[in-house]
Amino acid sequence: MAEQEDRPGGDGTGFFSSVDDVVGRLAEVGYLASTAVATTVFLADRLGKPLLVEGPAGVGKTELAKAVARVGGARLVRLQCYEGIDESRALYEWNHAKQLLRITAGRDESWDDTRTDIFSDEFLLTRPLLTAIRGDEPTVLLIDETDKADVEVEGLLLEVLSDFQVTVPELGTITATRRPFTVLTSNATRELSEALRRRCLFLHLDFPDAELEQRIVRLKVPGLDAVLADSLVRVIAALRAMELRKAPSVAETIDWARTLLALGADTLDESVVRDSLGVVLKHQDDIAKAAQGLTLL
Amino acid sequence: MSTQDAPASTVLPERLTAFVRALRGHGIRVGPAETVDAAAVLQVLGLADRERIREGLAAALLRADRQRTVFDATFDLYFPLGTGELAATRAAPAADLTELRDRLAEALAANDASALTQLAGEAVDMLGGYGPTGSSGPTGTGGWSAHQTLDRLRPQTLLARVLASGRTGGSGGTDGSGASGGSGASGGFTERLEADEIRRRIEDFRGRVRGEARRRVAERRGTDEIARRGVAPSADQVDFLVANREQLAELRRTLQPLARKLATRLTARRRRAARGQIDIRRTLRRSLSTGGVPLRPAHRRHRPARPEIVLLCDVSGSAAGFANFTMLLVQAMRDQFSRVRVYAFVNRVDEVTRLITTGGADPAGLGHRIATEATVSGWHGSSDYGSALGEFAERHLDAVGPRTSVLVLGDARTNGFDPNVPALRRIAARARRVHWLNPEGPAHWGTGDSAAHAYAEVVDMHACRNARRLGELVTRLLPV
Chain X
1 MAEQEDRPGG DGTGFFSSVD DVVGRLAEVG YLASTAVATT VFLADRLGKP
51 LLVEGPAGVG KTELAKAVAR VGGARLVRLQ CYEGIDESRA LYEWNHAKQL
101 LRITAGRDES WDDTRTDIFS DEFLLTRPLL TAIRGDEPTV LLIDETDKAD
151 VEVEGLLLEV LSDFQVTVPE LGTITATRRP FTVLTSNATR ELSEALRRRC
201 LFLHLDFPDA ELEQRIVRLK VPGLDAVLAD SLVRVIAALR AMELRKAPSV
251 AETIDWARTL LALGADTLDE SVVRDSLGVV LKHQDDIAKA AQGLTLL
Chain R
1 MSTQDAPAST VLPERLTAFV RALRGHGIRV GPAETVDAAA VLQVLGLADR
51 ERIREGLAAA LLRADRQRTV FDATFDLYFP LGTGELAATR AAPAADLTEL
101 RDRLAEALAA NDASALTQLA GEAVDMLGGY GPTGSSGPTG TGGWSAHQTL
151 DRLRPQTLLA RVLASGRTGG SGGTDGSGAS GGSGASGGFT ERLEADEIRR
201 RIEDFRGRVR GEARRRVAER RGTDEIARRG VAPSADQVDF LVANREQLAE
251 LRRTLQPLAR KLATRLTARR RRAARGQIDI RRTLRRSLST GGVPLRPAHR
301 RHRPARPEIV LLCDVSGSAA GFANFTMLLV QAMRDQFSRV RVYAFVNRVD
351 EVTRLITTGG ADPAGLGHRI ATEATVSGWH GSSDYGSALG EFAERHLDAV
401 GPRTSVLVLG DARTNGFDPN VPALRRIAAR ARRVHWLNPE GPAHWGTGDS
451 AAHAYAEVVD MHACRNARRL GELVTRLLPV
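Heads up: the protein sequence lines correspond to chains X and R, in order.
If you use UniProt numbering, the first sequence corresponds to residues 1 to 297, in order.
If you use UniProt numbering, the second sequence corresponds to residues 1 to 480, in order.
No lab work stands behind these hints, which were simulated from the structure alone.
Worth double-checking, as some hints may not be accurate.
[Claimed, not checked] Once the Cα atoms are required to be at most 25 Å apart in a straight line, the calculated SDA-like pairs of lysine to any residue come out as:
1. K246/X <-> L255/R
2. K289/X <-> Q331/R
3. K246/X <-> R63/R
4. K261/R <-> I85/X
5. K246/X <-> F189/R
6. K66/X <-> D147/X
7. K246/X <-> K261/R
8. K148/X <-> D65/R
9. K282/X <-> R252/R
10. K261/R <-> R240/X
11. K246/X <-> A64/R
12. K282/X <-> K261/R
13. K148/X <-> R468/R
14. K98/X <-> R127/X
[As the list claims (entries may be wrong)] Partial selection, computed: residues in chain R whose CB lies under 7 Å from chain X:
15. V41
16. V44
17. D65
18. T190
We treat Cβ as the ideally placed atom computed from N, Cα and C, and that holds for glycine.
Throw the hints in and build the complete structure from the sequences for me.
So this is what it looks like as structure tokens:
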């Protein structure tokens, strides 16, 4: 339809025009992107390849997909993976109950009529993957925590992610009229298969650098004093440099900033840090170690 | 999209494929499809912004985060900031070492990344050259050494100075010899972090100097060769026996994710194992109801027992890094086993399970704690496998039962003492399985004072030189 977007091969989702455009428009919806994130999002958008985002919990993997959806004015289709998820949960399923009702209702019809009827759109329950492919409107497909799903599901994803098509035996092959912008997230609890990785652009989302994290804190917790935000981010950086069981992520930084705001603290001092350390660190060993490292006691 | 980079159209594919070859040389599997992707990336991004190209190529070529350090170092070689002396360096070169150190101190205090890069260039140019480095000279013996540069520049000695300058700017001028007790009233809390922050910046600057020296040498000797030899391998491929302190620290940082990953694999194996075995008796019994045809096979019920693990670790000298890492790994995976017991030895055996359980909070100090709090050596400090195994078989054999898997960690170098193979045989007879993980490659087994072959006759011996191999072995060997 639009001649800009339909380049040969039909690839590309056409949300963004340049890397700077990505940075600017993601910032408008409240997602501050680093160079790595902006570049990779732009490439995924341009090359029409799925984006595999890996990284520790709480650095904004899922948030990235949501932000892209907001920017593109696209609907967000989310497939949450879990152990035991299968084709009928991810792709499509026939509505058996309704099919049975249909068969009983049309008792005197010939079998051929019934068959063509009960295997039609009306009786098809579309699940996220098929939903994302079928629509005409711009779509962001988020496949969350891909590593939690079983290996068999990856095989299912291969067809969807490489050609953006789904084969339903009774209906034929359904091809995407408009490619969804696809984001897969993973916590790396299990190595995803090489075949799946090969089809994706890879982005490792790590903790942001100090400057970016400060901007994130100021954006998310606007009431916080700039000096306090600065020292907060520095303490977090020091905590991450220690060998902790669970290093604090961005989500924890923001939580801490909110806590400090609620406590009405205007500077960081020993007692404030000691009392609120539990917001940032979730293991008792870590708290003890951090207290020692920061010479709190 | 744009064709503005037409003149580069012949050079660029060549550079890209050479870059890809270098990555392959470091064990990063990059197929032709990825190379084509990378070319598409270059086309879409253009050649204007180097950092974006770096990120774009990483997105197209890499498949795991552990490959990133190798990628970055190689990228700097194939897509360098410039050639020869960098333009900015030529503009305002420092007159002498003192001025260079002054400016470095300033840049460190301000944390100015571009200034630090430029100073790294200047430093290598001024201090790092050896041999005939003239730009017109033949490609001979000359070059640039990062080690020499850092040796002469001694950036670590700037710490006190940078700290002091930071404080006079902020609050009252205390002398900057470390994090002083927090008597400062306002903003005093973050002061204690400063020393560590600056130490990290200095470490970062050293990295920049190393990269710069590599780039300069690569220009002289050919990029391909330096990419092959000069780029350090990623942490999980570093040989345990030659790993230095930083590499071991980096390995420890990968410990928790690795443990989680291995636990997931073990769980998957356990599930498969529970499904796999057919219970003949119950299947036949069931087939009676279908006229003797076994329509529904019955699977053997999996006993909900988890295996027991006994680790027997050589903690002497060079093998200590390997042993400590493995101990921490097994400890991190402890919920996969019903019981984990760890014994350490040099020439005497002592149980150290409790040290490791409490040691989760301070993995770096583990080696030291074992050396001071456990009795691992007798009259001398060199390892003696014979007497250690003998003592274990004598005093601790009740820890080993028919459900126990024993892992022996060590290089099997007996320092000429009696290897005492019968003791190992006694342990093996009692245990379910005994595996020996040897940080040396098979080529070195049996050379010098190594009794590896003698032990290998009694138990399975596996070479385990780096963390990646250890991960493979742990998932394969441990019973489920």
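Hints and how they fare:
no.: 1; hint: K246/X <-> L255/R; result: holds (12 Å)
no.: 2; hint: K289/X <-> Q331/R; result: holds (18 Å)
no.: 3; hint: K246/X <-> R63/R; result: holds (24 Å)
no.: 4; hint: K261/R <-> I85/X; result: holds (20 Å)
no.: 5; hint: K246/X <-> F189/R; result: holds (23 Å)
no.: 6; hint: K66/X <-> D147/X; result: holds (20 Å)
no.: 7; hint: K246/X <-> K261/R; result: holds (15 Å)
no.: 8; hint: K148/X <-> D65/R; result: holds (19 Å)
no.: 9; hint: K282/X <-> R252/R; result: holds (20 Å)
no.: 10; hint: K261/R <-> R240/X; result: holds (21 Å)
no.: 11; hint: K246/X <-> A64/R; result: holds (20 Å)
no.: 12; hint: K282/X <-> K261/R; result: holds (21 Å)
no.: 13; hint: K148/X <-> R468/R; result: holds (22 Å)
no.: 14; hint: K98/X <-> R127/X; result: holds (17 Å)
no.: 15; hint: V41; result: holds (6 Å)
no.: 16; hint: V44; result: holds (5 Å)
no.: 17; hint: D65; result: holds (4 Å)
no.: 18; hint: T190; result: holds (4 Å)
Every hint from the earlier list agrees with this structure, and none is contradicted.
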